[in-house]
Amino acid sequence: MGKNRHESLGLSDETVVEMYETMLLARKIDERMWKLNRAGKIPFVISCQGQEAAQVGAAYALDRTKDVIAPYYRDMGMVLAFGMTARDLMLSAFAKAEDPNSGGRQMPGHFSSKKLRILTQSSPVTTQVAHAVGVALAARMKGENIVSLATFGEGSSNQGDFHESANFAGVHKLPVIFMCENNQYAISVPIKKQLACERVSDRAVGYGMFGATVDGNDPLAVYEVVKKAVERARNGEGPSLIETICYRLTPHSSDDDDMTYRTKEEVEEAKKKDGLYLFRNYLLETGALTEEKDQAINERVDAIVDEATDYAEQAPYAEPESALKYVYEE
Amino acid sequence: MAQMTMIQAITDALRTEMKRDENVLVFGEDVGKNGGVFRATEGLQDEFGEDRVFDTPLAESGIGGLALGLAMQGFRPVMEIQFFGFVFEAMDSIASQMARLRYRSGGKYNAPVTIRSPFGGGVKTPELHADSLEGLFLQTPGVKVVIPSTPYDAKGLLISAIRDNDPVIFLEHMKLYRSFRGEVPEGEYTVEIGKANVVREGKDISIISYGAMVHTSLKAAEKLAEEGIQAEVIDLRTISPLDVDTIVESVKKTNRAVVVQEAQKQAGIAAHVVAEINDRAILHLEAPVGRVTAPDTVYPFAEAENIWLPDENDVIAKVKEIMNF
Numbered sequence: 000m001g002k003n004r005h006e007s008l009g010l011s012d013e014t015v016v017e018m019y020e021t022m023l024l025a026r027k028i029d030e031r032m033w034k035l036n037r038a039g040k041i042p043f044v045i046s047c048q049g050q051e052a053a054q055v056g057a058a059y060a061l062d063r064t065k066d067v068i069a070p071y072y073r074d075m076g077m078v079l080a081f082g083m084t085a086r087d088l089m090l091s092a093f094a095k096a097e098d099p100n101s102g103g104r105q106m107p108g109h110f111s112s113k114k115l116r117i118l119t120q121s122s123p124v125t126t127q128v129a130h131a132v133g134v135a136l137a138a139r140m141k142g143e144n145i146v147s148l149a150t151f152g153e154g155s156s157n158q159g160d161f162h163e164s165a166n167f168a169g170v171h172k173l174p175v176i177f178m179c180e181n182n183q184y185a186i187s188v189p190i191k192k193q194l195a196c197e198r199v200s201d202r203a204v205g206y207g208m209f210g211a212t213v214d215g216n217d218p219l220a221v222y223e224v225v226k227k228a229v230e231r232a233r234n235g236e237g238p239s240l241i242e243t244i245c246y247r248l249t250p251h252s253s254d255d256d257d258m259t260y261r262t263k264e265e266v267e268e269a270k271k272k273d274g275l276y277l278f279r280n281y282l283l284e285t286g287a288l289t290e291e292k293d294q295a296i297n298e299r300v301d302a303i304v305d306e307a308t309d310y311a312e313q314a315p316y317a318e319p320e321s322a323l324k325y326v327y328e329e
Numbered sequence: 000m001a002q003m004t005m006i007q008a009i010t011d012a013l014r015t016e017m018k019r020d021e022n023v024l025v026f027g028e029d030v031g032k033n034g035g036v037f038r039a040t041e042g043l044q045d046e047f048g049e050d051r052v053f054d055t056p057l058a059e060s061g062i063g064g065l066a067l068g069l070a071m072q073g074f075r076p077v078m079e080i081q082f083f084g085f086v087f088e089a090m091d092s093i094a095s096q097m098a099r100l101r102y103r104s105g106g107k108y109n110a111p112v113t114i115r116s117p118f119g120g121g122v123k124t125p126e127l128h129a130d131s132l133e134g135l136f137l138q139t140p141g142v143k144v145v146i147p148s149t150p151y152d153a154k155g156l157l158i159s160a161i162r163d164n165d166p167v168i169f170l171e172h173m174k175l176y177r178s179f180r181g182e183v184p185e186g187e188y189t190v191e192i193g194k195a196n197v198v199r200e201g202k203d204i205s206i207i208s209y210g211a212m213v214h215t216s217l218k219a220a221e222k223l224a225e226e227g228i229q230a231e232v233i234d235l236r237t238i239s240p241l242d243v244d245t246i247v248e249s250v251k252k253t254n255r256a257v258v259v260q261e262a263q264k265q266a267g268i269a270a271h272v273v274a275e276i277n278d279r280a281i282l283h284l285e286a287p288v289g290r291v292t293a294p295d296t297v298y299p300f301a302e303a304e305n306i307w308l309p310d311e312n313d314v315i316a317k318v319k320e321i322m323n324f
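As you go down the protein sequences, you meet chains A and B in turn. For what it's worth, numbering that gives the first Met the number 0 labels the leading residue of the first sequence as 0, then goes sequentially. For what it's worth, numbering that gives the first Met the number 0 labels the leading residue of the second sequence as 0, then goes sequentially.
There may be inaccurate statements among the hints.
Unchecked claim - Lysine-lysine pairs mimicking DSSO-like chemistry, simulated, CA-CA at most 30 Å apart: (1) B/Lys-194 - A/Lys-324; (2) B/Lys-194 - B/Lys-218; (3) A/Lys-141 - B/Lys-218; (4) B/Lys-123 - B/Lys-174; (5) B/Lys-107 - A/Lys-113; (6) A/Lys-65 - A/Lys-226.
To be verified - Each pair of labels, with its calculated beta carbon distance range: (7) B/Asp-295 - A/Asp-62: 50 to 58 Å; (8) B/Glu-187 - A/Trp-33: 39 to 47 Å; (9) B/Pro-56 - A/Trp-33: 53 to 61 Å; (10) A/Leu-8 - B/Glu-187: 53 to 61 Å; (11) B/Asp-295 - A/Leu-194: 49 to 57 Å; (12) B/Thr-296 - A/Lys-324: 57 to 65 Å; (13) B/Gly-48 - A/Trp-33: 28 to 36 Å.
No lab work stands behind these hints, which were simulated from the structure alone. Please read these numbers as outputs of a predicted model, since none were measured by experiment. All C-beta atoms in this analysis are idealised placements derived from N, C-alpha and C, irrespective of residue type, glycine included.
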């Protein structure tokens with residue numbers, strides 16, 4: 000039996016297996032979307048692959064009944080953990096009327112659900128970070144013990160909105176967590192050409208906040224550090240900047256050819272550290288999961304993805320006339 | 000009834016709404032202790048506290064994003080952009096975020112944000128302080144743009160803007176802040192957004208304007224009256240959505256029109272008004288619709304602004320040209 004790390008974090012076997020299943024579901028939805036794209040059935044895919052561990056680990060560290068997330072376009076694992084369904088995500092990929100994110104009005108990956116406390120985002124990156132700060136300020140003013148968490152790539156950590164938001168949150172000690180999913184590339188530009196500092200989390204000191212860098216392939220490590228940030232936020236100790244080190248296992252999007260700027264060998268090397276499989280192995284080693292259980296989970300997830308795909312493919316598109324709606328209050 | 004300057008009417012509107020609705024927040028650069036660089040928010044922090052009236056760091060984009068986050072949690076932010084030329088820094092937060100929130104969420108979210116900002120020429124503040132940039136937002140579906148020309152309208156329109164469930168850009172012409180007083184009722188009242196006002200009746204020609212140019216147009220109309228030309232003057236008050244009905248009704252009566260704006264000519268409000276008149280009343284016209292505007296150049300240095308900006312003589316000349324067409 001391997002060393003059990005989740006028990007000391009207060010996570011039951013049942014919970015860590017649920018986390019694994021959420022990661023697996025995100026991966027399998029994403030893989031299906033690529034197949035649908037290559038078959039000409041959906042126009043675009045932007046992937047979560049390689050970042051599910053960080054996303055699900057962080058989501059489980061929040062109170063998923065009251066906290067607010069401002070995700071970015073790769074956060075499929077996070078929004079699934081917050082209650083979005085495979086069907087919701089497939090409806091978005093097919094841009095169908097019933098898509099609860101935006102009714103097919105936005106690019107896929109622009110997650111939104113008022114009911115699930117998932118803020119909508121704009122396509123220029125990093126805008127969601129400022130919104131999360133607004134949510135944190137609102138929570139403080141209303142006296143609600145709510146934490147908001149914004150995620151973004153390391154590329155976004157160079158945007159003015161990141162710095163403007165971090166500064167404001169630092170000055171006012173707001174209950175917000177800035178979580179960078181550092182996947183090593185801003186489309187084609189490697190991290191060495193993006194940042195002069197060694198770590199994204201080095202930037203925390205400039206805003207007077209707690210900063211940490213953690214292995215984004217390890218959902219338990221991410222859970223632990225985000226949990227600490229959540230406690231700080233709830234105790235009035237202010238914001239945190241958490242950097243999760245990930246690797247983007249797919250090209251930037253279905254329209255990108257990553258072999259123009261990185262090597263196959265580099266990607267293959269990263270796949271050996273894929274958080275999904277490392278976590279599966281960990282669960283098997285600790286006995287939280289068995290091969291039989293894993294097979295049952297895989298079968299269940301496959302069925303969910305199949306059902307979601309069929310449902311979304313058959314769902315109707317929005318009426319063209321509806322494009323004129325929702326511009327102003329009616 | 001109290002006599003107030005426009006800036007006093009604006010402060011009065013903010014105070015009125017902050018008293019009525021605890022979800023109304025005021026923030027921006029120097030709006031707290033300092034009361035704003037033009038004193039529009041003077042005394043509000045003392046009265047409503049530092050939670051509801053607060054200074055932000057110098058970060059316009061962050062201010063816009065913050066406002067949207069607050070709005071999504073049920074607040075009604077009134078954010079100030081210190082000078083409207085600085086709105087380029089906040090352009091994404093307004094045009095790509097607030098303006099589209101309702102649409103992209105299928106009506107589930109909305110952004111009841113009011114963006115107050117001083118603008119306009121004639122007070123020796125050169126480019127990026129005095130620019131008239133309202134035209135940029137005419138092509139931004141999802142936001143409304145309001146420009147009052149009197150203290151009465153400023154208060155009533157600002158209260159309407161704060162209560163509106165969509166983002167409203169409320170532009171305050173700097174030259175009008177303290178140049179005259181007008182009657183302003185105490186307490187709550189609203190002026191409807193999207194409704195123009197016929198501020199002078201006439202039968203010969205319609206002069207359509209907004210902001211400080213309403214006063215320029217009225218002066219021109221008085222002089223024209225001495226020469227026997229009875230001009231009707233329309234104050235648009237709201238630039239987007241435009242009150243085309245009031246414009247068309249007036250033009251159908253007078254059969255001639257001149258549009259006066261302080262902004263540069265190309266693709267401006269005046270061009271849009273001309274197009275609407277052509278679409279809906281062209282057979283009522285006795286002459287082409289005239290335009291009085293600034294040149295299509297960058298807002299000039301202080302010594303040149305009085306020449307660069309349209310004045311009443313420009314309006315009079317254009318009206319005569321259209322009358323004699």
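Hint check:
1. B/Lys-194 - A/Lys-324: Distance ~22 Å between B/Lys-194 and A/Lys-324 Cα, so the pair holds.
2. B/Lys-194 - B/Lys-218: holds (23 Å)
3. A/Lys-141 - B/Lys-218: Answer violated: A/Lys-141 to B/Lys-218 is near 51 Å, above 30 Å.
4. B/Lys-123 - B/Lys-174: holds (10 Å)
5. B/Lys-107 - A/Lys-113: Roughly 7 Å between the alpha carbons, so the hint for B/Lys-107 and A/Lys-113 holds.
6. A/Lys-65 - A/Lys-226: holds (15 Å)
7. B/Asp-295 - A/Asp-62: 50 to 58 Å: At roughly 56 Å between Cβ atoms, A/Asp-62 and B/Asp-295 fall inside 50 to 58 Å, so the hint holds.
8. B/Glu-187 - A/Trp-33: 39 to 47 Å: Between B/Glu-187 and A/Trp-33, where Cβ atoms are some 57 Å apart, the hint is violated.
9. B/Pro-56 - A/Trp-33: 53 to 61 Å: violated (42 Å)
10. A/Leu-8 - B/Glu-187: 53 to 61 Å: Holds: the Cβ-Cβ distance is about 55 Å, inside 53 to 61 Å.
11. B/Asp-295 - A/Leu-194: 49 to 57 Å: violated (42 Å)
12. B/Thr-296 - A/Lys-324: 57 to 65 Å: 40 Å Cβ-Cβ, so the 57 to 65 Å window is violated.
13. B/Gly-48 - A/Trp-33: 28 to 36 Å: violated (53 Å)
Comparing the model with each numbered hint stated earlier shows that hints 3, 8, 9, 11, 12, 13 do not hold.
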